[in-house]
Amino acid sequence: MAFKEFENLYIAEKPSLAEALATARGKMLGVKPEKSKGHWVIGNDAITWLFGHMYGLEAPEAYDPDLKKWSMATLPIVPEKWKRTPHTVSQAALDKYPDLRKRQESKLAHLSHVQDLLKKAKRIINAGDAEREGQLLVDELLEENGVNPFENDVYRVWVSSFAEKDVIKAIESIFPNSQKRNLFNAAVARSKADWLHGMNMTRFSTIEGRKSGADGVVNIGRVQTPTLKLVVDRDREIANFKPVDHYLPRATFKHANGDFSANLVIPEDLSGLDSESRLIDKSIAEAITNKIAGKNGRVIEFTRSAKSKSAPLPYSLSALQSECSSKLGLTAQETLDVAQSLYERHKATTYPRSDSRYLPKSILKGEAPQIMQNLAGIMEHKDAASAANMSLKSKAWDDSKVTDHHGIIPTMEATASVIAKMTPMERSVFSLIAKAFIAQFHRDHTWNALSAMIEVEGEKFKAAGKQVTNAGWKVVYGANAVDDDEEEGDNETQALPTMAKADSVSVAKSDVTSKRTTPPSSFNDGTLIGAMAAVHKFVTDAAVKKMLKDTSGIGTEATRANIIEGLLKNGHLVRAGKTKLTSTSKGGALIDQASKLSSDIVSPGLTAAWEERLKAISEGKDDADKFISELVESLKTIIETKKTAGGSSTGVKIEPIEGHGETCPKCKKGKMMTRQTKAGKAFLSCSQYFGKDNPKNCGHAIWPKEEEDVTGPDCPKCKKGKLVYRKTRDGRDFQSCNQYFGKDDPKNCGYAVWPKADIPEPDVKGDNSAPTPNCTKCGKGFMVERTSKTSGKKFLACNNWRKNDPLSCDAVQWLSEPSYRPPRPKFG
Numbered sequence: 001m002a003f004k005e006f007e008n009l010y011i012a013e014k015p016s017l018a019e020a021l022a023t024a025r026g027k028m029l030g031v032k033p034e035k036s037k038g039h040w041v042i043g044n045d046a047i048t049w050l051f052g053h054m055y056g057l058e059a060p061e062a063y064d065p066d067l068k069k070w071s072m073a074t075l076p077i078v079p080e081k082w083k084r085t086p087h088t089v090s091q092a093a094l095d096k097y098p099d100l101r102k103r104q105e106s107k108l109a110h111l112s113h114v115q116d117l118l119k120k121a122k123r124i125i126n127a128g129d130a131e132r133e134g135q136l137l138v139d140e141l142l143e144e145n146g147v148n149p150f151e152n153d154v155y156r157v158w159v160s161s162f163a164e165k166d167v168i169k170a171i172e173s174i175f176p177n178s179q180k181r182n183l184f185n186a187a188v189a190r191s192k193a194d195w196l197h198g199m200n201m202t203r204f205s206t207i208e209g210r211k212s213g214a215d216g217v218v219n220i221g222r223v224q225t226p227t228l229k230l231v232v233d234r235d236r237e238i239a240n241f242k243p244v245d246h247y248l249p250r251a252t253f254k255h256a257n258g259d260f261s262a263n264l265v266i267p268e269d270l271s272g273l274d275s276e277s278r279l280i281d282k283s284i285a286e287a288i289t290n291k292i293a294g295k296n297g298r299v300i301e302f303t304r305s306a307k308s309k310s311a312p313l314p315y316s317l318s319a320l321q322s323e324c325s326s327k328l329g330l331t332a333q334e335t336l337d338v339a340q341s342l343y344e345r346h347k348a349t350t351y352p353r354s355d356s357r358y359l360p361k362s363i364l365k366g367e368a369p370q371i372m373q374n375l376a377g378i379m380e381h382k383d384a385a386s387a388a389n390m391s392l393k394s395k396a397w398d399d400s401k402v403t404d405h406h407g408i409i410p411t412m413e414a415t416a417s418v419i420a421k422m423t424p425m426e427r428s429v430f431s432l433i434a435k436a437f438i439a440q441f442h443r444d445h446t447w448n449a450l451s452a453m454i455e456v457e458g459e460k461f462k463a464a465g466k467q468v469t470n471a472g473w474k475v476v477y478g479a480n481a482v483d484d485d486e487e488e489g490d491n492e493t494q495a496l497p498t499m500a501k502a503d504s505v506s507v508a509k510s511d512v513t514s515k516r517t518t519p520p521s522s523f524n525d526g527t528l529i530g531a532m533a534a535v536h537k538f539v540t541d542a543a544v545k546k547m548l549k550d551t552s553g554i555g556t557e558a559t560r561a562n563i564i565e566g567l568l569k570n571g572h573l574v575r576a577g578k579t580k581l582t583s584t585s586k587g588g589a590l591i592d593q594a595s596k597l598s599s600d601i602v603s604p605g606l607t608a609a610w611e612e613r614l615k616a617i618s619e620g621k622d623d624a625d626k627f628i629s630e631l632v633e634s635l636k637t638i639i640e641t642k643k644t645a646g647g648s649s650t651g652v653k654i655e656p657i658e659g660h661g662e663t664c665p666k667c668k669k670g671k672m673m674t675r676q677t678k679a680g681k682a683f684l685s686c687s688q689y690f691g692k693d694n695p696k697n698c699g700h701a702i703w704p705k706e707e708e709d710v711t712g713p714d715c716p717k718c719k720k721g722k723l724v725y726r727k728t729r730d731g732r733d734f735q736s737c738n739q740y741f742g743k744d745d746p747k748n749c750g751y752a753v754w755p756k757a758d759i760p761e762p763d764v765k766g767d768n769s770a771p772t773p774n775c776t777k778c779g780k781g782f783m784v785e786r787t788s789k790t791s792g793k794k795f796l797a798c799n800n801w802r803k804n805d806p807l808s809c810d811a812v813q814w815l816s817e818p819s820y821r822p823p824r825p826k827f828g
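Residue numbering for the sequence shown follows full-length UniProt numbering, starting at 1 and increasing by one per position.
In case anyone wonders, no lab produced these hints; they're calculated from the structure. All values derive from a computational prediction rather than experimental measurement. Hints are supplied without guarantee of correctness; some may be wrong.
[As the list claims (entries may be wrong)] Calculated lysine to aspartate or glutamate pairs in the DMTMM-like style (CA-CA distance at most 25 Å, straight line):
{"no.": "1", "residue 1": "Lys242", "residue 2": "Glu276"}
{"no.": "2", "residue 1": "Lys621", "residue 2": "Glu276"}
{"no.": "3", "residue 1": "Lys169", "residue 2": "Glu323"}
{"no.": "4", "residue 1": "Lys291", "residue 2": "Asp259"}
{"no.": "5", "residue 1": "Lys401", "residue 2": "Glu144"}
{"no.": "6", "residue 1": "Lys549", "residue 2": "Glu276"}
{"no.": "7", "residue 1": "Lys460", "residue 2": "Asp444"}
{"no.": "8", "residue 1": "Lys509", "residue 2": "Glu164"}
{"no.": "9", "residue 1": "Lys365", "residue 2": "Glu164"}
{"no.": "10", "residue 1": "Lys462", "residue 2": "Glu301"}
{"no.": "11", "residue 1": "Lys569", "residue 2": "Asp99"}
{"no.": "12", "residue 1": "Lys192", "residue 2": "Glu144"}
{"no.": "13", "residue 1": "Lys254", "residue 2": "Asp269"}
{"no.": "14", "residue 1": "Lys327", "residue 2": "Glu164"}
[Claimed, not checked] Label-pair ranges, simulated between beta-carbon atoms:
{"no.": "15", "residue 1": "Ala287", "residue 2": "Val244", "range": "29 to 37 Å"}
{"no.": "16", "residue 1": "Arg345", "residue 2": "Lys211", "range": "50 to 58 Å"}
{"no.": "17", "residue 1": "Leu100", "residue 2": "Gly699", "range": "49 to 57 Å"}
{"no.": "18", "residue 1": "Glu80", "residue 2": "Trp703", "range": "39 to 47 Å"}
{"no.": "19", "residue 1": "Gln179", "residue 2": "Lys361", "range": "20 to 28 Å"}
{"no.": "20", "residue 1": "Glu286", "residue 2": "Lys569", "range": "51 to 59 Å"}
{"no.": "21", "residue 1": "Pro86", "residue 2": "Asp623", "range": "26 to 34 Å"}
{"no.": "22", "residue 1": "Asn296", "residue 2": "Ser271", "range": "20 to 28 Å"}
{"no.": "23", "residue 1": "Lys365", "residue 2": "Ala62", "range": "49 to 57 Å"}
{"no.": "24", "residue 1": "Ala576", "residue 2": "Ala62", "range": "36 to 44 Å"}
Positions of the beta carbon are idealized from the N, C-alpha and C atoms, including for glycine.
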């Protein structure tokens with residue numbers, strides 16, 4: 001047997017986990033970890049790391065060079081023997097981004113180093129993240145380098161917390177990697193299925209789209225496409241929404257024990273109702289209020305019912321992303337980044353990509369008292385943590401509902417000194433996690449729900465109120481505790497006086513409340529993440545609804561933020577403001593086209609069915625090969641049905657524009673055809689196009705001149721055009737010259753004017769307020785403080801500067817320490 005330098009080789013998913021393992025292993029062995037290039041050495045052990053997935057499945061042309069050309073005749077593409085290759089980026093990306101080339105070279109060099117380490121170890125330990133993909137990325141590395149991941153000398157360490165005590169416990173609990181063989185099989189099946197579906201449906205949809213003139217690639221994904229459809233459907237619902245004005249008679253009643261307000265109980269047979277039983281005839285509402293004005297009535301019913309609500313559960317990643325979007329204005333990706341930092345860098349919270357909101361009882365008996373003691377030492381949580389009752393057991397403590405990971409909670413290393421090192425945003429996110437944990441040790445929030453029914457002049461009015469009997473866990477949240485419970489009915493919190501049936505009341509005031517129906521809100525990161533997790537609410541088929549509910553929606557905790565970012569990157573979604581998400585015309589066109597090709601492409605039921613099968617595979621209850629075979633057959637059915645139909649296009653119809661079908665004025669051979677950009681803009685291009693970089697291409701294109709308001713001022717740059725108002729993707733207004741004829745057209749003027757900052761003359765009061773200096777270059781503007789986007793340094797710039805405006809003032813003065821703080825500019 002060849003000499004083995006290391007007793008154990010731990011392969012972590014990322015450098016931070018490798019460092020945590022090295023620290024813990026060093027403490028266990030009583031030695032100081034030594035960092036070498038590409039790995040740690042701890043006694044006779046070595047710990048190295050990967051950078052996520054180091055391998056990916058090969059592209060179609062790796063199996064057959066002819067598959068580089070996109071053709072309906074070659075679909076579906078199904079590899080007979082699957083191949084992996086080290087992850088690399090395209091040559092075009094490398095040429096465009098020099099830094100990317102360096103990172104790729106470094107990554108490949110590190111992969112070579114890990115391959116060398118594999119030869120030097122007696123025993124290998126998979127230290128990927130404790131979930132499906134973490135299992136795959138180490139096991140596939142072993143397979144590609146001739147190591148059977150499930151032989152006797154390969155083990156698994158399952159780390160769910162970076163806290164040193166928890167990492168040591170995980171190392172002490174290592175187990176044979178073969179125990180996770182089924183999880184590996186599920187991960188491999190997932191990667192093959194995504195390849196088959198994405199590769200074939202993207203080519204299929206793109207080829208069909210080109211038949212109807214669409215340009216660019218129509219990217220199809222089993223999660224991203226249904227997610228996009230959620231946003232497209234919501235945007236169209238908003239666009240088609242027609243508000244309805246309706247009216248509700250209200251009255252203030254006097255009772256011996258106090259005044260209270262009540263709303264009319266609208267009778268089903270009342271005149272003036274619409275199909276939704278809303279009162280849309282204001283005159284009828286006014287007639288009712290006039291009829292009861294100053295009259296006496298009586299209480300015909302009064303009820304008091306005890307209600308209670310237990311504390312909100314600890315966060316899963318999706319729940320945390322939704323909360324941070326709502327409370328802190330963070331995007332889903334920003335929340336994940338902060339949560340990852342709290343976990344890896346500060347070791348203050350547990351594994352962030354958890355899909356569970358429940359906790360194991362072992363924590364209740366073990367770490368919980370110390371965690372609470374640490375939180376009591378943090379000023380923000382002192383009172384609530386000190387008042388926590390550790391003998392209470394909330395519904396969060398349920399071993400049966402904990403899977404690979406439990407809910408996100410603080411660790412025993414979350415002390416005041418650790419919190420002090422966090423950024424303000426990290427502290428804010430940590431605070432949410434900490435409060436959710438503390439709340440588990442406070443009593444239920446309890447209240448009496450009060451209801452009164454009043455009859456006056458033959459009309460019935462209903463009043464509701466709430467009488468809190470025990471604030472319970474809501475003391476943890478203080479003023480931020482919001483009554484958002486469904487059990488609390490219409491959430492009226494008036495102090496409804498105690499009354500009894502037959503008590504007399506009088507009408508002190510009556511009026512009509514005018515209401516208008518509002519459209520559903522646009523999605524933001526938080527609500528879209530929530531919709532993905534609870535997508536069963538958006539389907540009507542009972543079987544699919546149940547399946548989606550059982551599988552916790554579409555996507556996973558680890559991938560949902562990436563799905564949103566991918567849709568933004570592809571131009572299918574845009575942000576309006578920080579977190580609001582809306583679909584683009586390109587996104588809408590993709591959904592229309594995909595829906596016509598196959599309803600399965602846009603259905604959330606597809607990914608739910610997959611996740612159900614993958615879960616069964618991971619549990620050894622289903623076969624991965626059978627799953628892939630059935631997927632291939634379904635792809636064949638979709639594509640063959642299309643071929644049998646004669647190949648007629650069912651893609652998005654593009655209305656021909658003026659000039660369509662005319663002879664190309666450049667090559668005189670082709671015809672000018674209406675096509676569409678990725679952004680959905682129609683243009684004409686020559687039919688003599690034979691693929692990217694083909695020397696036979698004509699390349700002639702004509703961009704239609706858009707109709708626009710040309711009554712604006714003359715363009716000061718070209719002297720030919722007019723300045724017209726336009727709007728950016730994120731909703732900002734600006735003016736630009738209308739002499740624009742398409743991207744890269746040499747005839748473009750390019751002049752643009754951005755909104756002028758309204759900078760007021762500063763008030764000078766004593767020595768503490770220095771005036772903003774006049775611009776010494778143009779003598780008209782004021783110098784305002786700005787920050788460089790690249791270096792972060794402060795500088796002064798004239799407020800008469802305009803981007804791309806040669807006539808604006810470009811005066812700049814760099815500062816080391818500004819001696820004054822100029823007023824913040826206001827933009828129109």
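Now the hints, each set against the structure:
Of the supplied pair hints, the one linking Lys242 and Glu276 holds, its CA atoms being roughly 14 Å apart against a limit of 25 Å. Restraint check for Lys621 and Glu276: the C-alpha separation of about 48 Å exceeds 25 Å, so the hint is violated. For the hint linking Lys169 to Glu323, the alpha-carbon distance of about 31 Å lies beyond 25 Å, and the restraint is violated. Of the supplied pair hints, the one linking Lys291 and Asp259 holds, its CA atoms being roughly 20 Å apart against a limit of 25 Å.
Using a Cα cut-off of 25 Å, the hinted pair Lys401 and Glu144 is violated, with the two alpha carbons roughly 36 Å apart. Simply put, Lys549 and Glu276 have alpha-carbon atoms about 29 Å apart, too far for the 25 Å limit, and the pair is violated. With a C-alpha separation of about 34 Å, the suggested pair Lys460 and Asp444 falls outside the 25 Å cut-off, and the hint is violated. Proposed proximity of Lys509 and Glu164 is contradicted: the alpha carbons are some 66 Å apart, above 25 Å.
Pair hint Lys365 plus Glu164 holds up; C-alpha atoms about 19 Å apart against a cutoff of 25 Å. For the hint linking Lys462 to Glu301, the alpha-carbon distance of about 9 Å falls within 25 Å, and the restraint holds. Taking the CA atoms of Lys569 and Asp99, the gap is about 20 Å. The hint holds against a cut of 25 Å. Simply put, Lys192 and Glu144 have alpha-carbon atoms about 16 Å apart, close enough for the 25 Å limit, and the pair holds.
At most 25 Å may separate the alpha-carbon atoms for a hinted pair to count; Lys254 and Asp269 exceed this at roughly 29 Å. About 31 Å separates the Cα atoms of Lys327 and Glu164, which puts this hinted pair outside 25 Å; it is violated. Range check, Ala287 to Val244: Cβ separation about 20 Å, and the 29 to 37 Å hint is violated. Against the hinted window of 50 to 58 Å, the Cβ-Cβ separation of Arg345 and Lys211 comes to about 52 Å, which satisfies the hint.
The given range of 49 to 57 Å is broken by Leu100 and Gly699, whose C-beta atoms sit roughly 29 Å from each other. A beta carbon spacing of about 46 Å between Glu80 and Trp703 agrees with the range 39 to 47 Å that was offered as a hint. For Gln179 and Lys361, the hinted distance range of 20 to 28 Å is satisfied, since their beta carbons lie about 23 Å from each other. A C-beta distance of roughly 55 Å is found between Glu286 and Lys569, which places it inside the suggested range of 51 to 59 Å.
Taking 26 to 34 Å as the suggested C-beta distance range, the pair Pro86 and Asp623 conforms, at roughly 29 Å. Range check, Asn296 to Ser271: Cβ separation about 26 Å, and the 20 to 28 Å hint holds. Between Lys365 and Ala62 the Cβ separation comes to about 53 Å, which falls inside the hinted range of 49 to 57 Å. The hint said 36 to 44 Å for the Cβ distance between Ala576 and Ala62, and at roughly 41 Å that hint holds.
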